[in-house]
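So the sequence lines, in the order shown, correspond to chains B, X and E.
Going by our numbering, the first sequence runs without a break in its numbering and finishes at 333.
Going by our numbering, the second sequence runs without a break in its numbering and finishes at 691.
Going by our numbering, the third sequence runs without a break in its numbering and finishes at 393.
Among the hints, a few may not be true.
What the hints assert, rightly or not - Simulated DEER-style distance windows between Cβ atoms: (1) E:Leu144 x X:Thr424: 50 to 60 Å; (2) E:Asn227 x X:Glu616: 53 to 63 Å; (3) X:Leu481 x E:Leu128: 49 to 59 Å.
I should point out that these hints are in silico values taken from the structure, not numbers from a laboratory.
Where a beta carbon is used, it is the ideal one built from N, C-alpha and C, also for glycine.
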Amino acid sequence: MLRYVLRRVVMLIAICFIISVGSFYLIHLLPGNITTVIEGPGASPENQAKLYKLLGLNKPIYQQYFVWISNVLRGNLGTSFISQTSVASTIRAALPIDLEIIFLSQILAFITAIPIAMRSARKPDGWLDRAFSAGSFTLLSVPTFIVIVLMVLFISIKAGVPHTGPSSYVSFSQDWLGNLESMALPAIALAIGSFVVYYRVLRSDLIATLQEEFITMARSKGLSQRRIMWRHAFRPSSVALLGAAGVNIGGLLASGFVVQYLLNIPGLGYTLISAIDTSDYLLVQGIVLVVSVGVVLINFIFDFIINIVDPRISRE
Amino acid sequence: MSVEQEKLLVVKDLATTFHTAGGDLPAVGGVSFDMERNQTIGIVGESGSGKTVLSRTIMGLQQRTNVTVTGSVLLSGFEMVGASEDDKRKRWGTEVAMIFQDPMTSLNPVMKVGKQIDETLRVRLGMSKVDAKARAIELLELVGIPSPQYRYDAYPGQLSGGMRQRVVIAIALACSPQLLLADEPTTGLDVTIQAQILNLLEELKERLEMSVVLVTHDLGVVATRTSRIIVMYAGRIVEIGSTREVFAGHRMPYTRALLESSPKVSNASHTRLTTIPGRPPNLLKLTDGCSFAPRCSYATDKCRVERPELQAADEPGHMFACWNPLPKTRRTVRK
Amino acid sequence: MSNFPQFSVLEEAILVEKPEAKEPLGILFWICVGWIGLNIVGALFANVLPIENPLFQNYSFINSGPSLHHLFGTDDLGRDILARVIYGSRVSLSVGAGAMVIGFGVGAPLGMLAAYRRGRFDTILTNVMYVLLAFPAIIATIAILSFWTPRSLFKIIVVIGVASIPLVYRVIRTATLSVATKDFIIAAKVQGATDRRIIFRELTPNIAPIAISFLLIGVATVIALEGALAFLGLSVNPPTPSWGNMINEARTILQVNPWLVIFPSAALCLFLLCLNFIGDRLRHHFDVTEVKL
Numbered sequence: 018m019l020r021y022v023l024r025r026v027v028m029l030i031a032i033c034f035i036i037s038v039g040s041f042y043l044i045h046l047l048p049g050n051i052t053t054v055i056e057g058p059g060a061s062p063e064n065q066a067k068l069y070k071l072l073g074l075n076k077p078i079y080q081q082y083f084v085w086i087s088n089v090l091r092g093n094l095g096t097s098f099i100s101q102t103s104v105a106s107t108i109r110a111a112l113p114i115d116l117e118i119i120f121l122s123q124i125l126a127f128i129t130a131i132p133i134a135m136r137s138a139r140k141p142d143g144w145l146d147r148a149f150s151a152g153s154f155t156l157l158s159v160p161t162f163i164v165i166v167l168m169v170l171f172i173s174i175k176a177g178v179p180h181t182g183p184s185s186y187v188s189f190s191q192d193w194l195g196n197l198e199s200m201a202l203p204a205i206a207l208a209i210g211s212f213v214v215y216y217r218v219l220r221s222d223l224i225a226t227l228q229e230e231f232i233t234m235a236r237s238k239g240l241s242q243r244r245i246m247w248r249h250a251f252r253p254s255s256v257a258l259l260g261a262a263g264v265n266i267g268g269l270l271a272s273g274f275v276v277q278y279l280l281n282i283p284g285l286g287y288t289l290i291s292a293i294d295t296s297d298y299l300l301v302q303g304i305v306l307v308v309s310v311g312v313v314l315i316n317f318i319f320d321f322i323i324n325i326v327d328p329r330i331s332r333e
Numbered sequence: 357m358s359v360e361q362e363k364l365l366v367v368k369d370l371a372t373t374f375h376t377a378g379g380d381l382p383a384v385g386g387v388s389f390d391m392e393r394n395q396t397i398g399i400v401g402e403s404g405s406g407k408t409v410l411s412r413t414i415m416g417l418q419q420r421t422n423v424t425v426t427g428s429v430l431l432s433g434f435e436m437v438g439a440s441e442d443d444k445r446k447r448w449g450t451e452v453a454m455i456f457q458d459p460m461t462s463l464n465p466v467m468k469v470g471k472q473i474d475e476t477l478r479v480r481l482g483m484s485k486v487d488a489k490a491r492a493i494e495l496l497e498l499v500g501i502p503s504p505q506y507r508y509d510a511y512p513g514q515l516s517g518g519m520r521q522r523v524v525i526a527i528a529l530a531c532s533p534q535l536l537l538a539d540e541p542t543t544g545l546d547v548t549i550q551a552q553i554l555n556l557l558e559e560l561k562e563r564l565e566m567s568v569v570l571v572t573h574d575l576g577v578v579a580t581r582t583s584r585i586i587v588m589y590a591g592r593i594v595e596i597g598s599t600r601e602v603f604a605g606h607r608m609p610y611t612r613a614l615l616e617s618s619p620k621v622s623n624a625s626h627t628r629l630t631t632i633p634g635r636p637p638n639l640l641k642l643t644d645g646c647s648f649a650p651r652c653s654y655a656t657d658k659c660r661v662e663r664p665e666l667q668a669a670d671e672p673g674h675m676f677a678c679w680n681p682l683p684k685t686r687r688t689v690r691k
Numbered sequence: 101m102s103n104f105p106q107f108s109v110l111e112e113a114i115l116v117e118k119p120e121a122k123e124p125l126g127i128l129f130w131i132c133v134g135w136i137g138l139n140i141v142g143a144l145f146a147n148v149l150p151i152e153n154p155l156f157q158n159y160s161f162i163n164s165g166p167s168l169h170h171l172f173g174t175d176d177l178g179r180d181i182l183a184r185v186i187y188g189s190r191v192s193l194s195v196g197a198g199a200m201v202i203g204f205g206v207g208a209p210l211g212m213l214a215a216y217r218r219g220r221f222d223t224i225l226t227n228v229m230y231v232l233l234a235f236p237a238i239i240a241t242i243a244i245l246s247f248w249t250p251r252s253l254f255k256i257i258v259v260i261g262v263a264s265i266p267l268v269y270r271v272i273r274t275a276t277l278s279v280a281t282k283d284f285i286i287a288a289k290v291q292g293a294t295d296r297r298i299i300f301r302e303l304t305p306n307i308a309p310i311a312i313s314f315l316l317i318g319v320a321t322v323i324a325l326e327g328a329l330a331f332l333g334l335s336v337n338p339p340t341p342s343w344g345n346m347i348n349e350a351r352t353i354l355q356v357n358p359w360l361v362i363f364p365s366a367a368l369c370l371f372l373l374c375l376n377f378i379g380d381r382l383r384h385h386f387d388v389t390e391v392k393l
């Protein structure tokens, strides 16, 4: 177990290092003089000096990295030349919105996918199983950006449900109920994508688990069907589910970006796309770095949970 | 009828048929026998002879899909065939319990073994958490697991095969069943562990006043431990009788072939074991005749077209199914 | 690769092939193949088809619904939606095919070689790939595309293709491992067959069904990804039509012209559905029993 955790931590550090190098190097993909490209031709000399200091531009490239990373580790991601606000504070303001969308969508996805997959697996090829298997297979081919566009078209515009359309975002601190209303569509759109994945993964794993001898053994102990499903079948199968959830997180963030972009919700995705449009490269770089490290960390945590749920894994 | 109700187990004309893509597969057919309390009987046969299916059918563990069970299994007077899952569930664990063949797969790999024992105690006997844990540790001790309070928190993967099988036995015994079905309880284990487990079962049977059905392919296992033996072939009983009679006075050629193919301690070293020629029949393509006929050196044309029913031998309770039985002589019992 | 949720469903099915009892492909399979074929033909011959120029702006027909004149209607600049949907498939198809050529071209040989050779080569390569797999590829894709300007179809193909390499590597390696440890491979080795012969005559045909069904699913995933990038304005620049950027353009005038969303969405989803269905049927046809990674 300890060896396993150690190995994982080493890998985590390696990945974070690669991410930081990648994010650092992004700036150098830009054509031409970096200060001009980033701050525009009319930038003030004092802003240019600030950027030089942040990026260490007068030094060789590997030293530039150390200058940059030591700034980053101290929480200094630079100052956006457009809004003149610090990148770190912009990210801090936007991040909770992404987390809220993801949190809500995952709750929705889990509370629907788990019971339906359990039902499905109990009678494979029953009507419920057939319907959901076919339905989920079809939905697998509908990208989230289409789901959300169609939802806006049919729910907000055609059916005229209020507070759901573009630009109806209300912040949580301002009005929590209104916030939930405006988050409903994004959360449902993301939940559909996750549901499809979780349902299919859990269903197929459960069907395999239910064939196992230890399930027959559990029956022979005189346990109820309910208990067998939840205590004996679900737990080993939930490993696959958690694995899928962990793998899903990057895609989920990206789907969140798409949804925010359409509905003008000022989360990281919306901020990122606006920053790309306005060539606010430091902000783009900051968001990329934070999001990438976040995804890797979440994956790491999921790995850890899976390990606790299924002790077989670290022993292998 | 009243006599039968007193018996622990009465099996009559039991048949289990699986409906497979290749056709109907009669895994068990026409099986009848009964069993007194505090008795140990053995069911022997090659792999594929239907003994495992038989034990699962007695227990009523077959899933409902793609399988038909006919006939009757009276367990302390209760009809198990066709009973609802709820009714059967009330009897599982408390009246009849099962030890599974492979301890590597029959324990839940992600649940502590202690929890797997006290789950039964809590659900079936309504014990409190604390009592159940104490009892589970007692049971672990009973089946001979050293330092049971530590093993309680072990996952199956952390235990050896022999240990796991002991845990499986502990689970089966948790609610003191009257009948224990042991399906090849030692097949997956080392020879030295096998004897330990079998002795343990025998000892526990005496101590807890259970009845045991010992299902095995190994005649050596049942020779000293059972009072009666059922020999199965291709899903049917071909010979049944007291252990002594089956060993010494068997009439069915298959029984003899089985006996001759198992090694005995009394044999001189380097004694060549006889093998049974051919293979067990494909159950999807059974003929009308005796299923053993293709492999039997005594087979006649009659054997190939007409199936022999069980007929009584001289000794009461000894029956065999053969048109050309071996002569009634006492053969030397080699155990 | 964290950005491809479909993979996580389908990827568990790394396959072990059983030769007998092939499940029939069924009529739906051939309908799907036909639809994919039709799309490919449409994309290849778009300029000789009797459709309008997708860039031609006809201001007397703005946001008109479907009619005999414009079967799918026109957009806010009076361009014919049918023509734009057909031309738009060119982007999706090129990205799908191009990215998978890169992904399979690099990932598949490496995966096969690593599984066949084992040893240190395998250990190092597999660890490197696992590190790359942990990388949130979709974020990286967005990041690189936003900095690597000006954007072009070629750059998009390269970025997505490279991002798919570790995933293809893992799938092919696992599939090869399941075959390479089988007796007939060992027998071939014992008989003195050359490595080249074993790889091309024994391994390749045996993992081909797996590779093909995974390839189709990969193409579908990549096309969906390109659609999302185009929707975010990170793919080919307008006025070149693509399914994703058509939906992006439609998003501001949803109220006025829903057809502008409906048709490209339907085209994209139907195409993806057919690809996924073909991949899934092939897996069943080759009776791939699911083996966990």
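CB-CB spacing for Leu128 (chain E) and Leu481 (chain X) relative to the 49 to 59 Å hint: This hint holds: roughly 54 Å between Cβ atoms.
Mind checking the hinted window 50 to 60 Å against the Cβ distance between Leu144 (chain E) and Thr424 (chain X)? 58 Å, holds
If you check the beta carbons of Asn227 (chain E) and Glu616 (chain X), does the distance land in 53 to 63 Å? Cβ of Asn227 (chain E) to Cβ of Glu616 (chain X): about 57 Å, so the range 53 to 63 Å holds.
In terms of the numbered hints stated before, the structure departs from none.
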